[in-house]
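*Asks:* Each chain, letter by letter, is given below.
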Amino acid sequence: QKEVEQNSGPLSVPEGAIASLNCTYSDRGSQSFFWYRQYSGKSPELIMSIYSNGDKEDGRFTAQLNKASQYVSLLIRDSQPSDSATYLCAVSSSSASKIIFGSGTRLSIRP
Amino acid sequence: KAGVTQTPRYLIKTRGQQVTLSCSPISGHRSVSWYQQTPGQGLQFLFEYFSETQRNKGNFPGRFSGRQFSNSRSEMNVSTLELGDSALYLCASTPGASAHQETQYFGPGTRLLVL
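Protein sequences appear in the order of chains A and B.
Just so we're aligned: the first sequence equals residues 1 to 111 in my numbering.
Just so we're aligned: the second sequence equals residues 112 to 226 in my numbering.
Isolated chain B, as found in the complex:
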């Protein structure tokens, strides 16, 4: 089976712009979670989607949003980018509905640099 894929892998944006990141889970996996990883804060949970519904959300401002499509692919959007949004954004998929109890399979990540 192909692993989790994320596009793009690298992105450079300027402050104030918006960005959309894409994640395709492992075939058959229905849950997708998004994380932000920075050297200072570590791996921070953004949100989780299952069957096109957001099931949980982390402590991030409303500028961060996401969605999931019927084929389980997911996108996350960050509007009005700030310098502090520079990070590695990781997507992880799990087979079932209980993502917090199952192994998470991570994609390679999208490295976002905001100038």
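Chain A on its own, in the form it takes in the complex:
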């Protein structure tokens, strides 16, 4: 079992709809969770960080964390073509001071 799992996609969503990206992790002691966006040929950039159970909203983005079920998700409302990118879920390791990245979900917003 991978430590951080994401559906590789591609996930195709019509413009204006809600895109839902999911991530599960195996380390029950993880405390810090991140979503990064990576455009093709570019480096990752932070979208959201979340540290406690529940929802965290920032503009069109909402991160949801459920530690009991060991999953974290990212919702993108009113999806725009500029949201087309690979979204990386990252989870801190409880046993080592490092972040583990999932393999990413490729999101495509169709006009």
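Please note that the accuracy of each hint is not assured.
Some chain B residues judged to face chain A by a derived CB distance under 7 Å, without partners named [to be verified]:
| no. | residue |
| --- | --- |
| 1 | Gly-153 |
| 2 | Arg-166 |
| 3 | Asn-167 |
| 4 | Phe-171 |
| 5 | Phe-175 |
| 6 | His-211 |
| 7 | Gln-212 |
| 8 | Thr-214 |
| 9 | Pro-219 |
| 10 | Gly-220 |
| 11 | Leu-223 |
| 12 | Leu-224 |
When the alpha-carbon atoms are kept at most 20 Å apart in a straight line, the in silico EDC-like pairs for lysine to aspartate or glutamate are as follows [said to hold, decoys possible]:
| no. | chain 1 | residue 1 | chain 2 | residue 2 |
| --- | --- | --- | --- | --- |
| 13 | A | Lys-56 | B | Glu-186 |
| 14 | A | Lys-98 | B | Glu-213 |
| 15 | A | Lys-98 | A | Glu-5 |
| 16 | A | Lys-98 | B | Glu-186 |
| 17 | A | Lys-67 | B | Glu-213 |
| 18 | B | Lys-168 | A | Asp-27 |
| 19 | A | Lys-98 | A | Glu-15 |
| 20 | A | Lys-56 | A | Asp-78 |
| 21 | B | Lys-112 | A | Glu-45 |
| 22 | B | Lys-168 | A | Asp-78 |
| 23 | A | Lys-56 | A | Asp-83 |
| 24 | B | Lys-168 | B | Glu-186 |
| 25 | A | Lys-67 | A | Asp-27 |
| 26 | A | Lys-98 | B | Glu-193 |
Everything labelled a hint here was simulated from the structure, so no lab data went into it.
Nothing here was measured: the structure is a model prediction, and the numbers come from that model.
Note that CB positions come from ideal geometry on N, CA and C, so glycine has one too.
Starting from the structure of chain A, add chain B where the hints point.
*Replies:* Using the frame of chain A, we list chain B on its own:
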């Protein structure tokens, strides 16, 4: 503030050679992490440095090494290059000592091609 810078941006080497990549973190950031990104394996953690000390290391062979200088700049070295080392090497900096709990600011990466 200037972002994380990495040099060189592109590099072509042949098998058996060695390579040194450089990373300058955001001013004031003291932690530098290195990652290898390939289409098949995704983003893999190489190592993290804080105050010139390696704090953590990923599951890579000893051919991969790094160091950090007193000004927080970091270098990574790969010796005896193999074809499988072809990848995008990303450096990320964080302000404090807990890189795994903070936002990582990534540089543009160095794309290494081994022939």
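*Asks:* Against the structure shown, which of the earlier numbered hints fail to hold, in ascending order?
*Replies:* 4, 5, 11, 12, 13, 19, 22, 26
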